[in-house]
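We have chain V; now place chain D onto it with these hints.
These protein sequence lines are chains V and D, in that order. Residues 18 to 983 in the numbering used here are what the first sequence spells out, letter by letter. Residues 288 to 399 in the numbering used here are what the second sequence spells out, letter by letter.
Careful: at least some of the hints might be erroneous.
Said to hold, decoys possible - Sample of chain V residues facing chain D (criterion: CB under 7 Å; computed from the structure):
| no. | residue |
| --- | --- |
| 1 | Ala622 |
| 2 | Ser730 |
| 3 | Leu844 |
Stated by the list, open to error - Covered stretches of chain V, as calculated for chain D (at least 3 residues, CB under 8 Å):
| no. | stretch |
| --- | --- |
| 4 | 122 to 131 |
| 5 | 261 to 271 |
| 6 | 585 to 594 |
| 7 | 663 to 675 |
Claimed, not checked - Pairwise CB distance ranges, derived in the manner of DEER restraints:
| no. | chain 1 | residue 1 | chain 2 | residue 2 | range |
| --- | --- | --- | --- | --- | --- |
| 8 | D | Ile369 | V | Ala830 | 46 to 52 Å |
| 9 | D | Ile369 | V | Gly744 | 23 to 29 Å |
| 10 | D | Asp339 | V | Gly579 | 49 to 55 Å |
| 11 | V | Pro79 | D | Leu387 | 50 to 56 Å |
Simulated from the structure, these hints should not be mistaken for lab results. Glycine is no exception: its CB is placed at the ideal position from the N, C-alpha and C atoms.
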Amino acid sequence: MWAILLLPFAGSLAAALLPTTSRNAAALLAGAIALLCVGSLAMLYPAVAGGDAIRSELEWMPAFGLDLLIRLDGLTWVFAFLVLAIGFLVVLYARYYMATEDPVPRFFSFLLAFMGSMLGLVLSGNLIQLVFFWELTSLFSFLLIGYWHHNESARSGARIALLVTAAGGMCLLVGVLLIGRIVGSYDLDAVLAAADRIKGSALYLPALIFILIGAFTKSAQFPFHFWLPHAMGAPTPVSAYLHSATMVKAGIFVLIRLWPVLAGTDAWYLIVTTTGLATLLVGAWAAIFQQDLKGLLAYSTISHLGLITLLLGLGSPLAAVAAIFHTLNHATFKASLFMAVGIVDHETGTRDLRRLSGLYRFMPFTATLAMVAAAAMAGVPLLNGFLSKEMFLAEALENHRGTIIDEALPFIATTALALSVLYSVRFIHQGFFGPAPTGLPREPHEAPFWMRLPVEVLVLACLVVGIMPSVTIGPFLHMAVESVLGDATPRYSLAIWHGFTRPLALSVAALIFGGVGYAIFRDRLNAFTAVPLMGRLKGRRSFEVVLALIVSGARRLLALTGTGKLQPQLRLLVIIACLAGLLPFLRYGYEPGDRPGVLVDPGFALIWLVGCLCAIGAAWQAKFHRYAALILMAGAGLASCVSFVWLSAPDLALTQLLVEGVTTVLLLLGLRWLPQRHPEMLPRTRRLSPYRLRRGFDLGIAIAAGAGIALLSYAVMTRPLPNSIAGFFLENAYPGGGGKNVVNVILVDFRAFDTLGEITVLATVGLTVFSLLRRFRPAVESVRAPEQQRVQNAFDDRSEGREVGDTRADYLAIPRIIMQWLSPVILVFAVYLLVRGHDLPGGGFAAGVTMTLALLLQYMAFGTRGVEARLRVRPMSWVGLGLLIAVATGAGAWLFGYPFLTSAFGYADILVIGKVPLASALLFDVGVFLVVIGATALILTVLAHQSIRTPLTRPRSDAEPEAGEL
Amino acid sequence: MEAVLAIAIGVLTASGVWLILRPRTFQVIIGLSLVSYAVNLFIYAMGRLRVDAPALTGAEQAGAASLSDPVPQALVLTAIVISFAMTALMLVVLLAARGLTGTDHVDGEDGE
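Next up, chain D with everything else stripped away, as it sits in the complex:
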């Protein structure tokens, strides 16, 4: 599993990085979303992988060591929502820039 996830994170990152280096705003947005998937998975993976051990305790106190690490999960949870907000903001900025400059190039002028 670890190897699969590591490769997945790598592919997501590579696709995302490729896209954020592109000149069109829409490409950059898709790229940022892909990078944020990769980053979320990476942060989550820092708590190591576990199957069938969600961080749900009971009153009877199952042994804490047998559960998955809740800290990265909490971090990623908010990161998911925030990354939605950032995508929305980027999108609106790009729409406004498009309306103002007449192009969807990231620099506001067609250089290519």
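Extracted from the complex, chain V is given alone in its bound form:
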């Protein structure tokens, strides 16, 4: 059973992977899957026919009482069969309908997924699961309706359908949650057994309303019906599927499924009956004025759905039988009608009733098929539509509640049916009879055999059911009805002839009125472009007004409460952080602790005096003197670097020092692209302007933040260290991790998973920088060569015997040699740092940055072009390799049966060097090393490359300023 459910989804995935041109393969796949599912469903029939429900559970979230549950009973079986069988016919039809230039595999992929979701919906044995699949059908119908996404009407139709049905799905979820609250379980069997409890509960009314909104939106009931006609932008096979067996029937299915527990109350009767009645009339009325064949069918679908809803609303068991029966009949004749319209559209190039006529001459088969199906829709005897219509009329004549609706129902029903006859006759007569059409986009001719076959099968079903109902549909209908009504199943008769009864009289009256009405009004109907009495776009227009209101309301709310400006946001953030830091001081007071401090060294104090001045200077100068600010910032960094050395953190000092260098180079590279800024550009005012006020305020915030954190850190530092996990690391670093440098052991062994995450971040940043700069467009004024180069070139130009670029070539002539000779030394040093890292300060991070610095020196000495002519700089491969090594080292532990990233260590005797400790953590550190080099080198070289790229606006002559000379 799970296979039936999973197959369509698997097929959808497979179809999505097919090349876009393989339409036969995709169609074959889709057809085979549909057929396979039909077959396996048929094999389950004997088990279901007995009247029991088959259940199959998979534990999902037992703590919440949520299991994945498939439940197959009579009703479900019939619906599932409908979904799959009509799905198969639609696939067959679509194979010949879709044009070769469409990406057909995608179509079948969506169709299969939609089929699967619909199947999941009917097979759900759990209400939450049902809602889940319900939403999936909304989603995939959106994709199907919008399949021709180059078409504006298809896109907007898809959007409307999604918004309406997904909003309905939300309501359904709320309703289902309320039901779950009443019953205490979402299991369908438990819910169905608790009918009295649900109807007696105080939550009954809200639950009912929410569920009904969900069902009504899905099955296009008034006033939510407007999405269905707009969904016409879909390819016709999709319309055929959505309007017959799926989508709109999902709402009906939920109504039928929950009928035993929800129906029968006054609220149910009033809401559902009036909605059904309104939909029946509105749909039928609008259908007769449609000029588009698909529009006519869409409104007729709405009208028939209204009829089914009305029957369900009546609340009597016999009406429920009629509703189920009509659902099946409607599915068959509506699918075949849509397919016939699709053929007409396909062969003539238009669906406009006013342009079509006399097609019988050109396509007799299709015309005959359409006629039979339309007759079924109109309720002509000997066809399936007639039978359920008779049942409907019989119910309409019954007195249910003694309300005014009851009194009026026979008349309204007859009127609606007469309208239905009218539009059916109009559809057939105008389309297929009369003079030959003129001026069609295409010369009409008969459709190919395989395209007609699905229609033939469906029309045959209409006929067979209509002529021999009790033999053909009888057992299935009985099975479905019994699974819904249980013991309350009424006696009903499927005979064609009940004698001269009142329903028959009404039926005949409807046929006559409809026919006569057409004869009288046929010419006038063609003149309408909008439906009289109700503006054609009313539903859609109000929908869009509501949508626009929501959007503008959200905008206004955002404008009221938010700001798009960064400064106020940051200001707020800092203020809140300060207040949060202040809170414990206010509650517990402030006093420094009594831990004996480390004696102040005057050198240390002096260093920080300079460091603090640097920091303040950087803050002072960052606006107009970027270069000075940068150097001052690096000064503050060096002060913190020195304090790391002083205070027993050699690893930190090393890394900080190296990173300091790289950061400075990075920012220097960036400086070139920033706009120039001079103090003169600012309006000088001595007055207390808002600008000065704001600066003062910010200064206050900054001082408060600084003072707060200083007091806080002093309070912490003067208190003794509580017991932490540090002791464990210190004790186990050597015995457990094989390294004496505890910091490094923590990084590559104890907390290696964190480090893996961190190098991944680093790699991601590198790649992000790379991709951001690939399409970098510098500001216009930054494009020229830097001033220094222009001066040099001008000098070359003036001087005798010098070529332009000579001075530049001589630049840094002596340092260049030093840099060149230094590089191998630095490389060796980097490797040394890497290898010794496990026992002494060093490690992958520091070694990686060192390596990058060596590379940087090369770039500075020889320029970007010079280096890359001689060296293959491939930072991206290094990043990839590093990540691979790190992950592979971690995964290697699995081979020995240990968890991810467990490390091993031992000693190896290497010739000359002697006994060397070897830990698998070293390999991991090599990965870290490679990622660090790769990422930092990637960032720096990509930034450097911006200078040698030639933007389109820039003349070729003064190009090529090299990165090294910035």
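Quick look at chain D alone, frame taken from chain V:
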């Protein structure tokens, strides 16, 4: 020492916060770097200050209590490298924004 370091952290924070509240992107970058120095020192200081006691153990197991706390150090070590990466990212974003909007104001438009 504790007082000196505390004041240093305070000054770094104050300068950094002042800068990140400024309207120019370059100021914000320098400010973030200063704040990250302060934060790194602060985290490191949570392991208390010790002189001449780097967290290097030997096979002979010197008393663990006499060494500095390695946990904040390990945290800060990666933080240093990551903060470099974040600075680089910010810089590139600001360059791209500058190219796109024609200004180096943090909001992409000159409001001052």
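To see whether the hints hold, each was checked on the structure:
Interface hint at Ala622 of chain V: satisfied, since its Cβ lies 5 Å from the closest Cβ of chain D, which is below the 7 Å cut-off. The interface hint given for Ser730 of chain V is met, as the beta carbon of that residue sits about 5 Å from the closest beta carbon of chain D, less than 7 Å. A least Cβ separation of about 20 Å between Leu844 of chain V and chain D goes past the 7 Å threshold, and the interface hint is therefore violated. Counting residues of the stretch 122 to 131 of chain V whose CB falls under 8 Å from any CB of chain D gives 0; the rule of at least 3 is not met.
Interface restraint, the stretch 261 to 271 of chain V with chain D: violated (0 residues with C-beta to C-beta distance below 8 Å; minimum three). Only residues whose beta carbon comes within less than 8 Å of a beta carbon in chain D count, and the stretch 585 to 594 of chain V has 3; three or more means the coverage holds. Counting residues of the stretch 663 to 675 of chain V whose CB lies closer than 8 Å to any CB of chain D gives 9, which reaches the minimum of 3, so the coverage claim holds. Between Ile369 of chain D and Ala830 of chain V, the C-beta spacing of about 38 Å breaks the proposed range 46 to 52 Å.
Under the hint 23 to 29 Å, the C-beta atoms of Ile369 of chain D and Gly744 of chain V, about 27 Å apart, fit the expected range. Asp339 of chain D and Gly579 of chain V have their C-beta atoms about 53 Å apart, which keeps the hinted 49 to 55 Å range intact. Checked against the given bound of 50 to 56 Å, the beta carbons of Pro79 of chain V and Leu387 of chain D, roughly 53 Å apart, stay inside it.
When held up to the earlier numbered hints, the structure conflicts with 3, 4, 5 and 8 and fits the remainder.
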